[in-house]
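*Asks:* Assemble chains P and E onto chain G, guided by the hints.
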Amino acid sequence: METNNKYEYIGKSERNVNGIEKVTGAAKYCSDMELSRMLYGKVKRSPYPHARIISIDTSKAKELPGVKVVIVGDEKTCPHRFGAGVADEYVLARDKVLYVGDAVAAVAAETEDIAQDAVDLIEVEYEELEPVFDGDQAFSKNPPAILHEDLKSYKTIRSVPPRFDENRPNVFNYFRIRRNNAEEAFKEADIVLENRFEVAMIHHVQMEPHCGVAKVDGTGRLIVWGTTSKPYGMHKDISESRGMASSAVRVIVPTHVGGAFGGREPKAEQIAASLVLAQKGHPKRPVKMRFTREEQLSTTTTRARYIVEIKTGAKKDGTLVANAMRTILVGGAYAGTGYLTARNGSFGPAANYKIPNFSLDAYGVYTNQRMAGAFRGFGNAETLWGMESNMDMLAEALNIDPLEFRLMNCIDEGDLNAFQEKMHSVGAKECLQAAARDIEWGKKPEKPKEPHLKMGKGIALGNKYSLVPTASACFIKVHPDGLVELRTSTVELGQGSNTIFSQMISEEFKIPVSMVRVLNPDTDITPFDLGTASSRSTFNMGNAIRKACADAKKQLFELAATELGVAEDVLETADSRVFVKDFPEKSLHIKDLFIPMVIGGYTLKEGAEILGKATYYLPGVMPDPETGASERPASFYMFVAQAAEVEVDTQTGKIRVTKMVTANDCGKAINPMMVEGQQDGGVLSMGIGSALLEEVITDNGVMLNPQFADYKIPTTLDCPDCDNYKSAIIETAHREGPWGAKGVGEGTMVSSAPAIANAIYDAIGIRFHEIPITPEKVLRALKEKNQESLG
Amino acid sequence: MENLSLTVNGEHITAEINPGTTLQKFLYDNLGLTGTKEGCGEGLCGCCTVRVDGKAVKSCIILALQARGKNVQTIEGLAEGEKLDLLQEAFLDNGAFQCGYCTPGMIMAGKAHLDENPKPSEKDVRHALSGNLCRCTGYHKIVKAILSVDQKKVMDFKK
Amino acid sequence: MDNFKYFPAKDVTEACALLARYGEEAKALSGGQSLVSMMKEKFISPSYIIDIKGISDLDYIRYTKDDGLRIGGLTTHRSVEKSDIIREKFFMLAEMEYTLASVAVRNWGTVGGNLCSADPASDLAPTLIALGAQVTLTGVDTERVVRLEEFFVDSFETILNEDEILTEIHIPNAIMSGGIHTKFARRATDLAVVSVATYLTLDVSNHDLCKDIRIVMGSVNPIPSRSKRAEELIKGQKINDVLIEKAAQIASEDIQPTADLNGTEEFKRDIARVLVQRTIKEAAVRARTL
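Protein chains in written order, with the working numbering: chain G, 1 to 791; chain P, 1001 to 1159; chain E, 2001 to 2290.
Only chain G is shown next, with the shape it has when bound in the complex (with noise of 0.2 Å):
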């Protein structure tokens, strides 16, 4: 769709910049990439989810003929922890393995296949301790079992440092909001519902697995690729969990990354690099990591099993009056990106809807699973799932339509949150009036072919943050043919971001978008940027591509005016050249102000290159610790609305979603077509994956279904066909957003799991309070329910 709009590049569905490479098979992956005399790396894994590791044998490992390098957890290969937020891992695990699939010895040899059979070779000896893996038992305060006993002593961020809880062990941050008396205000309700709700661990599944390939060049420099969403947060980890000065790593991200959703932290990475510092003498032979499908179901990252406990109040006019949560994200051995996930799963609730009194104590604890960290809508699909599913309960009990509910509660324009907030670009209005417009609400199913099927409908709200502290840089560098090249750290993770900054840069500099390049992100090269994460590329990245774009302009217009004759401030550019604003025959070739040089080449007089920089930088405002109180606890708010219809086979217990709609409020949309491309992949493979299909299962920490058969992502076959979804761009603009944009992709699941569940109850009565909802859990419920009814 295009969206009605004066700009000239901006708002417009542009194909994708890297399409070509994609399409032609051309496009090169880190897991593609072949250095000569290259090594292969492959981890021994733990067997146990918590164990003393008493000893470890690499001998026989190291006399396998092709085994070149084999290292294990010690001070030489991982003097010191790192982390996201609290530093908790190894590279190699020390002393304690904490999950099933923990690295404890890693193997670089001449191929795969020498590197997996040496691994085999190495003996482990470990002593088991007891685990936990129950999120109440892991969060009590006396659990069966302390993973970090030490977490005290652990280094942790200064930036949104993590909070520990004196009585609870496990706990590795907590968070919590207060904004009036929620407890006293429910006094007040006519009804209150109490009710808890959980997900189940689920996994991203991006089709490249992790991979790193790691280098140390001439001068001793190490040079790490990477899959990374995070290159200056990789490169973080790296150096600092050697010791390493920051400037003896390089990062670089190859221009191709196969899928993120929040899950690609760097494990692969660390473990080529340290492969390859550990060869000794000179020169040391590159090494590849790759995870293969079975070790990136089974032991990266994961979004974690949620307890959602909620309480809701309101008066039977249907105004909510107080609202009291308590959620505990279900983490893994190590906090990773968890421990914000943990905390920040607390802003859609907050945010969602106007509720004068709100309480939430929100908790990360550990657990012996692999690590639980950042996954599309980081806890607030978690979180939401509860507030959503408790708000139709509620709306039932007051006997007001869900929609009509919602409607009147939404939060808007100026209202304060629950961080006590003033609301700026909110839609959620919008969204609803438009997912309800789309599911035809109030218009009754079809009725089914057959009378065990039932249909029903349902509709959900919701919103995903940005976070704050946050700040993007880049340079923009004018080219003497008039080629505009950005160089930024954003990762073109598949989202479109390369697209969606050339358009900004055609639009700032009237050139196509065939004028303009984007370079991968490469510490060496391309300036800091936080990480391509919580949908804030567009906004932050977008604004700092503005303000460089503005800074080489001026560069371009100073050199101009001296060439024209004629103030800066007159001059304007378009297709590579300048120009007078009022004159535009008066002009000159972008080429024209660079001075060809004998032998080759172009130079500038003075200044070097035309090379605009800056940065976007938004602190917010830390929030009260005692009361979450903020003016400015996040960027920006995406609201979401989305409905469902579902068909449920009363007789078997499947639920076919036969329509799915989704309305997302971005602000504005720089490219319609690649934000249509984030709502589908959110609502139809996460959105309906989480609610119907997903679930990381396990027994005794060891998961069972670790390939495609058993771990079920839709197919095409499970989506709703093309006419039977619908995709509404809702436009709020923001003050602060690059042309009014904010963001989307957080948000395009953050509502689909309780749409689908409030569907499913419309059609047979039946209030699920935990994700998947499959077909045996169906048909045990209208047993029940039958039962129920006989007796």
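Honestly, the hints are just simulated from the structure, not real lab data.
By construction, the Cβ of each residue, glycine as well, lies at the ideal position given by its N, Cα and C atoms.
Be aware that a few hints might be false.
A few chain P residues that don't get close to chain E, going by computed Cβ distances all over 10 Å [stated by the list, open to error]:
#	residue
1	D1029
2	N1030
3	G1046
4	K1058
5	N1071
6	K1083
Subject to a maximum C-alpha distance of 20 Å in a straight line, what follows is the list of computed EDC-like cross-link-like pairs (lysine to aspartate or glutamate) [what the hints assert, rightly or not]:
#	chain 1	residue 1	chain 2	residue 2
7	G	K783	E	E2081
8	G	K12	P	D1093
9	P	K1119	E	E2081
*Replies:* Just chains P and E now, with coordinates in the frame of chain G:
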């Protein structure tokens, strides 16, 4: 080692390979055709889909030796020189890919289907692609892209 | 999985001779859509691979009015799915093939390979058993024809001798008959959690009477299995909903499903009951109209 001779993207190839080499590994490692990706290695994701004598197959669960004497087409062999195939154009026009990792397999499966069934229904297309997993797109734009090709052909014909 | 010797067999005689020569260390490879994965995972590590996929003599679909349908063992699933004569005369077989795994797997995988791998979750086996199929097993100097339901011994185990390959599937013709295969799986492309194939023949003189019926269930026992008790209940009877419900209940009691990731035993029985019920109903409708 075994001798293998076959045609890949129109070029006659002879090679000596280990008998356990899968077709995917042969194309990717021996010939450097890295568009044929290994997504799972057990025939469940479809990233490695190529065409053998026109038919879509999962190259990670086929021995390369079984392609002896056959005509193999990979994603790299789809465009004619600079001219992209209509389906590749349709993927670009429709934004039918994001991270792109599944895209070669999707296009090869889609292309094989279109050659068999030039005017497919949506059901046909969804069915033909049901063995190809994508995590980014929810398949919506992929299905639309494939359905759009037929209309394009008709339009070209009218011209 | 590089540690094997590879022999492409040009005909059945050569294939059998090679299989006989290398005995239990050898494995016949047709489409390999299960075998190659199993070798990659090192579940099995044969020392000799006898590649029979190139034996074009075994890739055929033949039909005559008197003899019925004959399908060569190396015919692909896709050929069966697309065959006009199968669509016309044995619709349930083509219909089942349309739902088997994915197009790419059907393009390369063969019907003989599917049966010989003896996966309890095979969709093909219950369908063919319901249709009353027989299979021809050819060895070095032997050829025997057995009823398919006697072919399976245990999960992933058949009566095939070391030198034998499955060369042909034969399905007899029938009149006033109809059938359907249906499966329950979380996703359409998944292996069946429960599958049921039912084939029903009506009495030529009285179209309300069931002359014969075969109810075959897959994925719920180590081998595809008929519920003869349920069949007996219906055979010779006038078909009605109460009877069907009873038969379905009995059939669901006749199985021994194991609890796994796909569900508990109780759940699988519930699903089997529902599918048996649905397939009998539909088979009866088809028998009248086909």
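*Asks:* All the hints need checking, so say for each whether the structure fits it.
*Replies:* For each hint, the structure was consulted:
1. D1029: The claim holds: D1029(P) sits with its nearest Cβ about 13 Å from chain E, beyond 10 Å.
2. N1030: Answer for N1030(P): holds, closest chain E Cβ roughly 14 Å.
3. G1046: Per Cβ check, G1046(P) is inside 10 Å of chain E; nearest 7 Å; violated.
4. K1058: 5 Å, violated
5. N1071: Its Cβ never comes within 10 Å of chain E, the nearest being 14 Å, so this holds.
6. K1083: Non-interface label stands for K1083(P): nearest chain E Cβ at 26 Å, farther than 10 Å.
7. K783(G) / E2081(E): Answer violated: K783(G) to E2081(E) is near 38 Å, above 20 Å.
8. K12(G) / D1093(P): Cα-Cα ~12 Å, so holds.
9. K1119(P) / E2081(E): 19 Å, holds
Comparing the model with each earlier hint shows violations of hints 3, 4, 7; every other hint is respected.
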